[in-house]
Amino acid sequence: MSATDVTRAAGRLRDDEPRPVELLAVKGLNVTLGRGHRILHDVELNVAAGEILGLIGETGSGKTTLARTVLGLTAPVSGTVRLNGVELTSLRGGKLRAFRRAGHIQYVFQDPLRSLDPDLRVADIVGEGLAIAGVPAADRATRVRSALERVGLDAALADRSPGQISGGQRQRVAIARAIVVEPRLLICDEPVSALDVSNRNHILQLLADLRDQLGVGIVVISHDLGSLAAITDRIAVLYQGHIVEEGPARAIFTAPQHPYTQLLIASVPTIDSSSGIAADRRRELREQAAQQVGERTNG
Amino acid sequence: MSQPPVEQPLLHVDDLRITVGAGHADAVRAVSFDVQKGQTFGLVGESGSGKTLTCRAILGVLAPGCAVTGGRIDFNGANLVTATRKELDRVRSRHIGAVFQDPASYLNPSLTIGRQLSEVLRVKGGLGRKAAQVRSVELLELVGMRNPQRVFGQYPHELSGGMLQRALLAIAVSCEPELLIADEATTALDVTVQAEVIELLRTLRRELNLAIVFVSHDLAVISELCDRVAVFYAGEIVESGATRDVLVAPRHRYTKALLDVADTGGWQHRAERSAATRDGRLAVIPGQPPALGVIAPGCAFAPRCGAAAADCRAGDITRQTERDREFRCIHPVAAMVEAAR
Amino acid sequence: MSTFRRAWQLRPAKISVVILAAIVVLVAFGHLLAPMDPLQQHDGQILKGPSAHFWLGTDYLGRDVLSRLIYGSTLSVLTALEAVGIAFGLGVLPGLASVYLGRPFEWVSQRVMDGLMALPFIIFAIAVAALLGNGLHQAMFAVGVLMAPGFFRITRAAAWSFNRAQYVEAAQLLGASPWRIIRKHIWNKVLPTVAIATANHIAGALLIVSSLTFLGIGVVPPTPTWGGLLASDLNYLAQQRWAPVAPALLIMITVGALNVFADAIRDSSDDGALKDATKRRRLGESRNVATAR
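Protein chains in written order, with the working numbering: chain F, 2 to 300; chain S, 27 to 367; chain V, 8 to 300.
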């Protein structure tokens, strides 16, 4: 496929189109796990092609469940998940597998170590999606090579196993595996939490480049606001299974509305000189916000 | 003429050397720093930089295969490196406490929190059963548990990550140590919980006059909590001094690179910037830290440093001292005129 | 596969494989290696001790003990393998399938296996003998069927634990069919566990064969078997005190080698608890211990 075909297929908008192409539309999603424990309440989420949506959620917020439901690994109690108009929650068995083989949505796991089969070589891991889709070996090799190049990995790594490469390289392999099938939507679960600080920006920049060059829509799930601030266009805040706030990244970070968002923003440590708020004030804010959050969600 | 007596530092690490593995690779070289009573001292660096090994050496819990091969660690005057097992046992818990990264794995899942806390108080603190119970509840309240009596009877799996870390802090300070070692204690916690634990550490320091050695890779957390900081790279301390000085006006190039990459000071502004222009790539540090034990002549950071000159790769890089701080860089970042403090 | 490679580096593994290879040679080429016909009775050579002509002496009918031992290997080992083969076939495949073929099959297969485990061995063996006749093969068939639940559970447990792995989920997200997942991701990880179970079960089956033939079940004399030789030797203990040593030793060494081999695989697998520091050190260099960060 030529570069233009790829971008067109990925639904990237041209400069003269002001309206973003809607890629993922989640509406009224309710998910229950185990013994009737409700994880997600009426979740609504939209992702457009060529944009990065940051999903902020702490432990117990349901962010992983949300990702898994969109991917079809968990079935919702009610609600719809549409990708380019196709309803995903009704796909089962063979149809679901066929949808996955086409590679529309891909997922980058949080732990680069556990999501790569330790007994396979990098080349086989990255090319697995293509092999499943029936792409002949020669084409596979070419596409794997270009995917590795795109994520900034040396081609020599293709023959190594996951245990022989560094954490940052493993995460790139995971991303390469996800993009080699040319997805329209990429969901990344804590893509940089397991990495060293100096490696994080490499991966974050890579994601931003994928958005800019391939027009891929990306959902980045994280609790690290610093990483999200770097690359996201829009932010959605998930708290105890509810989307409590959503909007452009800049607005969320500089003028949060919901008390929980305010609490989050106020809790992020900053290097003294450029933070406007003194530690005491921040403590006050935190206490206020915690109180309000407790009232609101219990009310 | 008479000067106030220079107080002996609580912890004095001098020229510490630690080797790792069968090949005796130098993982920590010539590390020196002092921690005064009641002071918080941050050790910051990436994984493999030697900060965790240094902490483990202080506690005497180096993994098999690691050994201190040089230098001293003086705690209240006594050298911990040459201490016997008995002496170390005496010092641990009663004088030095510790908390680590993953709280759940440091608690026995089949015993209640209260039982584990009382155990330390009885074994190390010499309290009787009843007294230990009472004190345990007091400690749980001190670390900010909302319902200390209830937590006393709960099992680890019933508590959240933040509460577990609080419980571990309670255990760590139970025998009123003078020093607390916190190795990546907030790394695995959620942002809001992390803020609370940092607040708790500040409280503990205030109320117990606790000195804290805080290890982290997160510069912002160090900035919030620590009075002084030492930056580790490839087993050495490349810069140390007052936190405010080091993080606002770094001299060593690596410290500057870390600050550029983390950009935590300006993250809110980063959001504005990135939304507005969408150009301007994120700062990265090219290359990788040197592999364990590989020691090239000259500065360890030179291969990745944008300003490395020929003499950076030649012989020994001497430590430079500037007022209150030290750094190992012969072409440091230009000293900035300190803004009004 | 790396597990087997690692296991090979341990000295006990090498020794046990050599022993087992020798047994295999005995079984396969015994009829070529035996110096004499095991059934031939030599007049006047009754209960003689080891000599240049008869390396292990003769038995109560003047037959060469060495030849009888060698021929006996074939029957003993092959019937043991027969039993394990049945157990393997009835246990491993359903075990794998129960993880992937959905709830109904899972439930049914588990209940069948539970039922088999509940059957007392002796009763079942007698029932089989009554139905199919009193022979060694029938007895080993019964043994095989009753061993199957063990294989089933071990394989199922192993497959189950790997099924939860993230890389399996990653493959599912790429659209892989359950068969492909088993083939590419699960099988080579389950293999060490299955190999351990197989080795242990062969050892067990061998002991059962020896016990059955010792009791005289299913073997028509004068066919030589290890257990049968042991039994007849015990009858003539007064004349040849050392005679039972040979078959007993053979049984012991084979069973021992199998168990040591199984241990070596277990210790080299990633799940094996490496308690022995020496083993740990020797394996230290070849294990891919990846650091998390």
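Keep in mind that a hint or two might mislead.
Said to hold, decoys possible - Just a few of them, taken from the derived set where beta-carbon distance is under 8 Å, the chain S residues facing chain F:
| id | residue |
| --- | --- |
| 1 | S73 |
| 2 | L185 |
| 3 | G187 |
| 4 | V217 |
| 5 | A221 |
| 6 | L226 |
| 7 | L245 |
| 8 | V247 |
| 9 | E250 |
| 10 | D271 |
| 11 | I311 |
| 12 | P329 |
Unchecked claim - Heads up, simulated EDC-like pairs for lysine to aspartate or glutamate below, C-alpha to C-alpha not over 16 Å straight-line:
| id | chain 1 | residue 1 | chain 2 | residue 2 |
| --- | --- | --- | --- | --- |
| 13 | S | K63 | S | D253 |
| 14 | S | K150 | S | E113 |
| 15 | S | K63 | S | D271 |
| 16 | V | K191 | F | D112 |
| 17 | S | K63 | S | D52 |
| 18 | V | K191 | F | E247 |
Stated by the list, open to error - Sample of chain F residues at the chain S side, in silico, Cβ under 8 Å:
| id | residue |
| --- | --- |
| 19 | N31 |
| 20 | A124 |
| 21 | D125 |
| 22 | N202 |
| 23 | A231 |
| 24 | V269 |
Simulated from the structure, these hints should not be mistaken for laboratory data.
Every residue, glycine too, gets a C-beta built ideally from N, C-alpha and C.
Do the hints match the structure? See the list:
With a cut of 8 Å, the hint placing S73(S) at the interface with chain F holds, because the nearest CB-to-CB distance is about 6 Å. Using the Cβ-Cβ criterion of 8 Å, the hint placing L185(S) at the interface with chain F is not satisfied: the shortest such distance is roughly 12 Å. Hint status for G187(S) relative to chain F: holds, with the closest Cβ pair at about 6 Å, below 8 Å. The beta carbon of V217(S) comes within 5 Å of a beta carbon in chain F, closer than 8 Å, and the hint placing it at the interface holds.
Interface restraint check: A221(S) against chain F, minimum CB-CB distance 4 Å, threshold 8 Å, status holds. Using the Cβ-Cβ criterion of 8 Å, the hint placing L226(S) at the interface with chain F is not satisfied: the shortest such distance is roughly 12 Å. At about 6 Å, the closest approach between the beta carbon of L245(S) and any beta carbon in chain F falls short of 8 Å, and the interface hint on this residue holds. A hinted interface residue such as V247(S) counts as satisfied when its beta carbon comes closer than 8 Å to some beta carbon of chain F; here the least separation is about 5 Å, so the hint holds.
Annotation: interface hint on E250(S) holds; nearest CB of chain F at approximately 5 Å, less than 8 Å. Taking 8 Å as the C-beta contact cut-off toward chain F, the hint placing D271(S) at the interface is violated, the least distance being around 11 Å. Proximity of I311(S) to chain F holds as hinted, the smallest CB-CB distance being about 4 Å (cut-off 8 Å). The beta carbon of P329(S) is not positioned within 8 Å of any beta carbon in chain F (closest approach about 13 Å), and the interface hint is therefore violated.
In summary, the hint linking K63(S) to D253(S) is supported, as the alpha carbons are separated by about 12 Å, within the 16 Å threshold. About 13 Å separates the Cα atoms of K150(S) and E113(S), which keeps this hinted pair within 16 Å; it holds. A threshold of 16 Å between alpha carbons decides the hint, and for K63(S) with D271(S) the separation of about 21 Å lies outside it, so the pair is violated. Pair hint K191(V) plus D112(F) does not hold up; C-alpha atoms about 21 Å apart against a cutoff of 16 Å.
A C-alpha spacing of about 30 Å is found between K63(S) and D52(S), which places the hinted pair above 16 Å, so the restraint is violated. With a C-alpha separation of about 42 Å, the suggested pair K191(V) and E247(F) falls outside the 16 Å cut-off, and the hint is violated. Interface restraint check for N31(F): the shortest CB-CB distance to chain S comes to about 24 Å, outside 8 Å, so the restraint is violated. Checking A124(F) against chain S: minimum C-beta separation of about 22 Å lies over 8 Å; hint violated.
For D125(F), the interface hint is violated, since its Cβ never comes within 8 Å of a Cβ in chain S; the closest pair sits about 25 Å apart. Satisfaction of the interface hint for N202(F) is found here, the shortest Cβ-Cβ separation to chain S being roughly 4 Å, below the 8 Å cut-off. Annotation: A231(F) was flagged as interfacial toward chain S, and the flag holds, the nearest CB pair being 6 Å apart, inside 8 Å. Because the smallest distance between the Cβ of V269(F) and any Cβ of chain S comes to about 6 Å, under 8 Å, the interface hint for this residue holds.
In this structure, the earlier hints numbered 2, 6, 10, 12, 15, 16, 17, 18, 19, 20 and 21 are contradicted, and the remaining ones agree with it.
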